[in-house]
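Chains as they are written, first to last, in numbering that gives the first Met the number 0: chain C, 0 to 416; chain Y, 0 to 343; chain B, 0 to 145.
These are calculated hints, taken from the structure and not from any lab test. Check the hints yourself; a few may be wrong.
[To be verified] Here are the in silico distance ranges between beta carbons for each label pair:
1) B:His143 / Y:Leu231: 24 to 34 Å
2) C:Phe257 / B:Thr135: 54 to 64 Å
3) Y:Leu193 / C:Cys45: 43 to 53 Å
Ideal Cβ placement from N, Cα and C applies to all residues, glycine included.
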Amino acid sequence: MRRWLLIVSGLLLVILAVIFWQESHRIKPIALVPTLTGQVEYCLTCHSDLAQISNSHPIQTFGCVICHGGERLALTADLAHSTMRGGANPSDYSVVQVSCGGANCHSGTAASYNDHIQRATTSIQETYAGAIASILYTFGAEPDLTARYATSAVQDPGSTTGITSLAAFAPPPTSNPAILAFATNCLNCHISGQPLPGTRTFHFTGCAACHTPTQIEPGTGENLPPADQIHKLTTAISYTQCDTCHNRGNYDLRSMTFQPRQDQPLDRLHDYYQPIAQFTTCEYELDCIDCHTRVEAMGNGNLYGKETDIQYIQCKTCHGTTTDLPQTKTLTDPNDIAFRQAQLNPVVSLKLGDTILVTSKGEPLWNTLLSSDGTYEMIDKVAGVRYTIPLVKGSGCLQDPSRQDSASCHLCHSVTR
Amino acid sequence: MRPTFFHHLHPPTIPARQARFRYTLAAGGLAVFLMLILLVTGILEMFYYIPTPDQAGNSIQTLVFLVPFGALVRNLHYWAAQFLVIVVLIHLLRVIFTGGYARPRRFNYLLGMLLLVIVVFLDFTGYILRWDEGIRWALVAGTNLVKSIPLIGNGLYTLLVGGSQPGGATLIRFYSWHIFGLMLPAGILVAWHLFRVRRDGGIAVPPAALRKDHARISRYELVRREVLAMLLALAGLLLLSVFVPAPLAAPLTATSPLGETARAPWFFLWVQQMLKLGNPFLWGVLVPVAALVLLGLIPYIFPHPSGAELGSWFPKGNRFAQLIAGLLFLAILILTALALLPAS
Amino acid sequence: MPFRYPVNHSRISRRDFLKLARDAILTVCGLLGLGGVLRFLSAQTEPAPQTDFDLGLATNYAVGSQTVFLQIPAILLNTSDGFLAISLICTHLGCTVESKPEGLVCPCHGSRFDLNGKVTHGPASQPLNRLHVEITSDGKIHVHTA
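My request is simple: use the sequences and hints to build the entire structure.
Put into structure tokens, the structure is as follows:
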């Protein structure tokens, strides 16, 4: 008995020594107290090598949990990640309101220019209302091309377009097989849809679909796996991001499948648009967002039934016509949205008194400038290259002033590959 | 040497045969030791635990991840608690299967039954204090079971929950039950239970005239054995606590996540299995209480062993009581096993 | 039982030596346990209090002005020699000193200080702390309590 007491005492001492050793080798937690929450978080203990997501979301102000959710005090992966919103992507539309929303963040009012979530979730890039309406009309399920369905139910009581709500597109099993095939095969390309499998098509869903640049393997152009994508938000969105959905191929209405493009482009000229497209020099040298405006890309909060109802930029917006110079606006109001947009971009800067181009709806083209010597300039929002805009007025252009659609300009100006 | 206070708590000598581990399984002593561990670790936890719905989960995470030895203290508390339930059941079974409840020990047996009930509810209230996603349905179902009692059910529910549905008031009440409302009676009952052991003549043995083995051990030897058992139990608990953490899920929020399997705490799985049969009052309250009452009545209604048979396992005199108890525990084990099978 | 054996070191019996060893080991275990409990109880789970206070543009405080900031707590004086920030934590027992027409007065035990922080009336014996004032490049005035 006495001997056993000694042995067990020794065992107890050994166990206590192991406990103390383990405690001294515990991973040292790294604390962060973001100024917006005032609550300590320990995410950096494991994730300190992650790059700050953007200059507009500094980690000392935001921390991690305010966007991602998660258990801020936990130091085991399972518990810490258990309440994260949207997995690795808190901008997925199922959780975007909690992660990115709020009156001071991205679901405020149109007047304060921070109604991004309302606009993006009702935009035609998300609702897909036009494509759905076309298919339903073509195959006899609807009497006309009026948009009635979207990828998910959405309401807009104050709509100025006449469309105040769209129901969720869920064709019953008795529908025309073509419609059912469409529902199965063709709903990859909207903001909350799962991207098409294959190279060059990977993107995250939600806001990240455009704002988180997809990493592609240089040389091959293959998607890098999700684990190799980067933690980044940007407004300098390159054409390659748009091309994760756009210019990927064509629908075959007879087989109701998507036919991806088969070419293997080696340079920007051949990569930008698919082989059948016609385009001018500026349309492949610039990035999509250099011309396509804020309202075109993200919507204006109204529900639209056709892409052409919201997309309105034309060549003449920058180049003018044979009779008119392009419309401009001098920035006299320091609260003009053009200043905020320029500030968010790494290569463009504007100051009070600058004159810039505007669209026919009054949207400022904040990456343009009318300089004092009368030259019109545009800066590529992504690459920062400066271009002088050639004007139609006073040139040898043979346009018919009443035909300002891009196809008419392409007749003479399209690039030969 | 002069006996210390601890030596004096024990009789000067006890029969050697009944002092063996293979007789008592050290179950009663282990139960006392585990309660001591729970008291100490519980007090330490009280320095960090905050019993409000928005702070409970976070304060536990702070304790586990940020306080030195915090995870160890919590794991010790958890494992000591689960083993206490098992050990007191082993102790109960030992007492039944050795017939140690016969006169004059019948009242002490009842004290022990009461302690069993308190221990189980201490485990349940402690489980609820975690206030994480894992306890959600146990809280809802458990409190609603109280409501199912006719006449007094709604009143009892309000007393227990402190409102019309589980919330912050419930948490603070469960906290109060756990650290005081149940602990204080438990402490008093343990002292009384141990006192009665000595007053009733110590461990049950045949009277001297009928005894075959007269060997005895001194209180010093007894204390030595108890200290050894405690050190071994401590070593085992520490090892377990180092390698197997107590469960912890994300804190309870207003909306429940979908697709979770709703499981009762392990010691109530047998009740959960019975509740699949129908009426909650019948299967959740009446049947468990009936089982408890049946066990409690064993010393009073069933034949008990004669004096000569005491101090051994499986005496002939109370075979019927042994059978009843054995069948009851077998049923509980089977129900528990069935509850663990994946839902079809 | 523990710690009772003859202390004749030259001829200690095996039983007593083993008892000594056992007691020594258990004592070490006990001390380790105690040390562990002390470390456990010493953890600080609340974030450290703020030490840097941004008081806005320096031009907001006219020369000769005295502004009390209860959240620090401190009094900011714009004197002819520049900005001076004096802590309002009474050096006696820590109550917040009040700024009255007659000077800085502590409501708890009656200590009084002048506008340099010097003690004019006890029971405090130490002058009020001077806090470091910093004016940043964008003209903001910061007071540091550490």
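Status of each hint after checking the structure:
Between His143 (chain B) and Leu231 (chain Y), the C-beta spacing of about 56 Å breaks the proposed range 24 to 34 Å. At roughly 57 Å, the beta-carbon separation of Phe257 (chain C) and Thr135 (chain B) lies within the given 54 to 64 Å, and the hint holds. Taken as a hint, the range 43 to 53 Å holds for the pair Leu193 (chain Y) and Cys45 (chain C), whose Cβ atoms sit roughly 50 Å apart.
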